[in-house]
Amino acid sequence: MKAKFIIPLILFLVLVGFLAVGLNRDPHEVPSPLINKSAPAFELPQLADPKQSFTPASMKGQVWILNVWASWCVACREEHPILVELSKAHVAPIIGLDYKDKRDEAMALLASQGSPYLLAVSDANGRVGIDYGVYGVPETYVIDKNGIIRFKQIGPVTMELLNQKIYPLISELNKS
Amino acid sequence: MKRFLLILLVLFSAAGTLNKAFGEEATPLADDPVVEQRLISISEEMRCLVCQNESLAGSRSDLANDLRQEIRTLIKEGKSDEQIRTFMVERYGDFVLYRPPVKPITWLLWIGPFLILLLGIAGLLIYLRRRNNEMVRTDLSAKDNQQIDALLKANEKESSHD
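Chains as they are written, first to last, in my numbering: chain E, 6 to 181; chain A, 427 to 588.
Hints in this document: simulated from the structure, not taken from any laboratory. Being a predicted model, the structure only gives us computed values, none of them experimental. A few of these clues could be false.
The list that follows gives simulated cross-link-like pairs (lysine-lysine, BS3-like), each with its CA atoms no further than 27 Å apart [unchecked claim]: (1) E:K42 with A:K505; (2) A:K529 with E:K42; (3) E:K180 with E:K93; (4) E:K105 with A:K502; (5) E:K65 with E:K180.
To give a feel for the contact side, a few chain E residues facing chain A, derived at Cβ under 10 Å [unchecked claim]: (6) P32; (7) P38; (8) L39; (9) K42; (10) P45; (11) R132; (12) I135; (13) D136; (14) G138; (15) Y140; (16) G141.
Covered stretches of chain A (in silico footprint by chain E; criterion: 3 or more residues with CB under 8 Å from a CB of chain E, positions within the stretch not fixed) [as the list claims (entries may be wrong)]: (17) 472–481; (18) 488–495; (19) 509–523.
For each residue, glycine too, the CB sits at the ideal point set by N, CA and C.
When you get a sec, could you build the whole thing from the sequences and use the hints?
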């Protein structure tokens, strides 16, 4: 009657397996439905010069990065030096989407910490953020030459993520 | 003491009339109750992405506020409930819906419990059949029957003595 002990043991191990996988997942990482879809169009005033506007269409033909940030966002400060590092690597231009922020505070932050952005635009009422499915700032999108979102990071970009995912992805997208 | 109570009474009633004088009727939060009703029925079925255990209708997070406002605008634009749901799913994924849609990736989720039930029933049937087979039928001999009768009788006598 070994089965009497083996069957519950197997059931228990299966349960432990499911829990081990399930509990190690981050429930805040929701798979984005925008992956492999066109980056939503928008037209927003530039942070540095609100008279000038920016549209994602102007980035066609190059791989670029859209980074959603705000001066009130604590995790963004943590991420900031890594973005500066990324911008120094000159692999892809970074556009900053300043999400629901005050212009002067955002400008002050960029002035004191250095700006990793080719340019930043301000999404004062967060309407563009909704189109991009933003729910936890910072968020980072890698967009290919045809304007298609290839990767989305929710939460701060880390050095590890840059090396393991973002750099390889950008060089792969640049080849095509 | 009586005078004290009287003063208290006068004070309270004065406060009451004051309240009436200065109190204002609460203004409704939204201008259109029909829109608001639809907003509630849609957003109750949606998850707030910032505080995931709350519905979009109940959450007080900033994003939930914005999204409710967005839904309000969509309702006023004459969009159907289905179109609004699609709008949300296109941006935030099926995760915003409390009722996951039936599609290949969610088949296991929908059918899983019934599969487990079927497995359980099958297991039970197999177990019962096996137990039935294991039980050996023993035929009693005439001598066994006599012995049983004797024991039963003895037992009956004993209990009638009590």
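These are the hints, each one checked on the structure:
no., hint, verdict
1, E:K42 with A:K505, "holds, 23 Å"
2, A:K529 with E:K42, "holds, 20 Å"
3, E:K180 with E:K93, "holds, 21 Å"
4, E:K105 with A:K502, "holds, 24 Å"
5, E:K65 with E:K180, "holds, 15 Å"
6, P32, "holds, 6 Å"
7, P38, "holds, 4 Å"
8, L39, "holds, 7 Å"
9, K42, "holds, 8 Å"
10, P45, "holds, 9 Å"
11, R132, "holds, 8 Å"
12, I135, "holds, 6 Å"
13, D136, "holds, 7 Å"
14, G138, "holds, 4 Å"
15, Y140, "holds, 4 Å"
16, G141, "holds, 7 Å"
17, 472–481, "holds (count 3)"
18, 488–495, "holds (count 4)"
19, 509–523, "holds (count 7)"
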